[in-house]
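**Q** Residue numbers (the working numbering), protein chains in the order written: chain A, 1 to 233; chain B, 1001 to 1154.
Treat the hints as calculated values from the structure; they're not laboratory data.
Among the clues, some could well be false.
Each computed DSS-like pair below joins lysine-lysine, with the alpha-carbon atoms no more than 30 angstroms apart [stated by the list, open to error]:
hint, chain 1, residue 1, chain 2, residue 2
1, A, 164, B, 1109
2, B, 1109, A, 194
3, B, 1109, A, 55
4, A, 164, A, 101
5, A, 194, A, 209
6, A, 194, A, 206
7, A, 55, A, 101
8, A, 101, A, 206
9, A, 101, B, 1109
10, A, 43, A, 164
11, A, 55, A, 164
12, A, 194, A, 55
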Amino acid sequence: MNDGERRKQLLQLAAGAAFLAVAVVLVLIVVNASSSGDGGDTKLEGKAEVNRALKGIPQEGMTLGDPQAPVELVEFADLKCPYCKAFAEGVLPPIIENQVKNGRVKISYRVLTIIDDQSQPAGAAAYAAGNQGRGWNFVELFYRNQGNEATGYANDAFLEAIAKGADVPNLSHWNRERAELEPEVEASTAEAHKLGFTGTPSFAIKGPKTVGLEPIDTPSSSEALEGAIEEAG
Amino acid sequence: MSYPSEWTLRRAIAFLAALGVGVATYIAVEAAGGDAPACIAGSSGCATVAKSSYSHLAGVNIAVFGIVGYVLLLASAFFVSDLARFGGFLVALGGFGYSVFLTYVEIFKIEAICQWCVGSAILMTILFALSATRLVAYAGAQNVSKSGPLPNRA
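Bound-form chain A, shown alone:
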């Protein structure tokens, strides 16, 4: 084959490759654009809503909000607890919107296991997501897809679906780490017991006007919680 023929062949191949690349990119974009963002092949509720609520708020471990915020609200909760779900969906959103987003308050989520044997691995899975900056997305998405507490719905497949839906970046690392974090769940449960908490969700608060971490139990409403924040800071 002479130079001219080889050149012609190479340019034809290049044109074909370029055409193929354009097609692949277009397909990728169309496939992504048509996905609803609800967890891909796993049907999850509320992913877009959770992403919207948490968008732009810093997350460090299981803490939501500016790390320098003067007031820290610590929530002790069980992912399988229906009242925690109701609280997360009804009471906390105004606090996040009005107090966390402006950098006045940060909220730390700690697990207090009370429901059943699945509470601990679920909590460890949330902690593992937190180590990749997606702890609150995991927790909020879990609540929005919470099943009947009497059933064993929170199995490995469910936890993996939540992690995937929460956009945990490295799922294989998350999967390896979550078993190792169960002692941390035991530790936070012990911490809650030490504060006198036996039910979930229970809250404690720390601010310029408190002496260390002060228990405030379960505020009945967003207004009550805002009052406690006011007193603490």
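We have chain A; now place chain B onto it with these hints.
**A** Using the frame of chain A, we list chain B on its own:
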């Protein structure tokens, strides 16, 4: 149409590919340490993008694929052959196509911009243009001098 000499194109490709290796290595090293690359002016875009599910492909950080791509482009600049020209073009085409997709994802899916990713996308776009020019201008050429005219092409 007159083209820059292949020597000039190869030098430009080598320089930009080396920059790309630096950028991709920085992102990969930060990710391996559990951090996100630092965005200028305190923007949180880099952290948001680095922590999104799009930052990994088959469990591997995409910056690692970036390093491989830039190293291959760097290597292509060191050889004067049709294999180097065509191989470099294919790698740059793949990198450019994926950069287009990732930029779309940043804007419309993650809704955050990572300055390092944009920098890499710009580098890959220029590298694609240079590699395509090199292939179109010099495919089939046997020997090209540093600055001389193109050899005869049939």
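**Q** Do the alpha carbons of residue 43/A and residue 164/A lie within 30 angstroms of each other, as the hint requires?
**A** Roughly 11 angstroms between the alpha carbons, so the hint for residue 43/A and residue 164/A holds.
**Q** Residue 1109/B and residue 55/A were given as a pair; does the straight-line alpha-carbon distance stay at or below 30 angstroms?
**A** holds, 12 angstroms
**Q** Decide if the proposed pair is consistent with the structure: residue 164/A and residue 101/A, CA atoms, cutoff 30 angstroms inclusive.
**A** holds, 25 angstroms
**Q** Holds or violated: residue 1109/B with residue 194/A, Cα cutoff 30 angstroms?
**A** violated, 43 angstroms
**Q** Given the hinted pair residue 55/A and residue 101/A, is their alpha-carbon gap at most 30 angstroms?
**A** holds, 10 angstroms
**Q** Are the Cα atoms of residue 194/A and residue 55/A separated by 30 angstroms or less?
**A** violated, 34 angstroms
**Q** For the pair we were handed, residue 164/A and residue 1109/B, check the Cα-Cα distance against 30 angstroms.
**A** Holds, at about 15 angstroms.
**Q** Between residue 194/A and residue 209/A, does the CA-CA distance stay at or below 30 angstroms?
**A** holds, 22 angstroms
**Q** Holds or violated: are the alpha carbons of residue 101/A and residue 206/A at most 30 angstroms from each other?
**A** holds, 18 angstroms
**Q** Hinted pair, alpha-carbon criterion (30 angstroms max): residue 55/A, residue 164/A. Please report holds or violated.
**A** holds, 17 angstroms
**Q** Is the Cα-Cα distance between residue 101/A and residue 1109/B 30 angstroms or less?
**A** Holds, at about 22 angstroms.
**Q** Please verify whether residue 194/A and residue 206/A have alpha carbons no more than 30 angstroms apart.
**A** holds, 16 angstroms
Hint compliance for this structure: hints 2 and 12 are broken, all remaining hints hold.
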